[in-house]
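Protein chains in written order, with the working numbering: chain A, -14 to 182; chain B, 40 to 195.
To be clear, the hints were calculated from the coordinates, so they are not data collected in a lab. Small disclaimer: the values here were computed from a predicted structure and weren't measured. Ideal Cβ positions, reconstructed from N, Cα and C, are used throughout, including at glycine. Nothing false has been slipped in among the hints.
Covered, in the sense of this in silico footprint (three residues per stretch, anywhere, with C-beta under 8 Å from a C-beta of chain B), are these stretches of chain A: (1) 33 to 40; (2) 133 to 141; (3) 156 to 168.
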Amino acid sequence: MLDAMAAGALSDQALLQRARDGNHDAFRLLVERYEDQVAATIIGMLGPGPEADDAGQETFVRLYERIDQFRGDSTLRTYLTRIAINQALQALRKRNRWTRRFLSRDRDGPAAADPAADARDDVETAEEKQLVHRALQELPDHYRAVVVLRLLQGYSTRETAAILDIAEGTVMSRLYRATNKLQALLAPLLRPEHTST
Amino acid sequence: MTQPHRTDRRIPNAARHTRLLRFIADELPPDEHARLEARLADDPALREEARALTAMQAAVTEHAEAAFDEGFSGRVLQRLPAAPDAPQAAERLYEALHSAFLRLAIVVVVLTVGIGLYNASLYPHAGTAQSFVEAAMGLPDVSLESALVYDDRPDE
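Hey, can you work out the whole structure from these sequences and the hints?
Written out as structure tokens, the structure reads:
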């Protein structure tokens, strides 16, 4: 059993080594250290709910299965983000297949609400959260991935390109289109009188 | 009197927008950063564009959810394969078998050499072996003729 104080001071590499040796406590500490990071990526991509929780769990299970392959060429944070974004994109593909199969063609599914129209009525904090969440869900999956990594997680353009395995120019063009759309969807939150308060 | 800059319409909208995004993320080279900073000071429209982008980024960051439900790490650990213990058990079994077979092999080698030496020591004086090698291996004189012809007459 790892002492909590000592474990907190252990580096990622030290915890990974212990986890490789079959120490589940060390792996638990890694999960606790990075779960918010993974949550921000996956919930940003999928929205909150059981689907996101499942993709988050799958992200760490994948890390565990490939723990011997992680050589530290990138940071563990980046490595996990790469797994998380792939899990989220996979879940979205599954969701889209399901939606196409079971929902009628003239409906856009659960994300069909007009965030801007909703926001005109109410801009309380909880609703603002809803507004941002729904605005993110309005973006095409690959644009959303760029927004989540570049704006939400604070990765640089180069890091975002590396994680998504696309060119930096592609990151910027997707970001341009995504931010244009987000600015329209989040207009009620972005007025100077709103942002200054 | 100096006129304030108007937003440079020669720069396409997308290029200006992405340059602002890089400016906000502090990704522009220092000289380009300084030039854009100076232009922002003079150009209210460009300044408003930058403010809207910063506000949009802040809104996304501030309102995004970043936590799973309570007990997430426990749920992850429940899903881990029982693999870490299995290789250890298999490894222990492999080592035990390896050690047992090695000991058995040593005993067999010692016995074989011992018996061989014993047979060889008898070769010049007794037995039916026709050579040292046959004697060492404990072999009688075996030939096609002796195998086919059974001679039950007692030695004289």
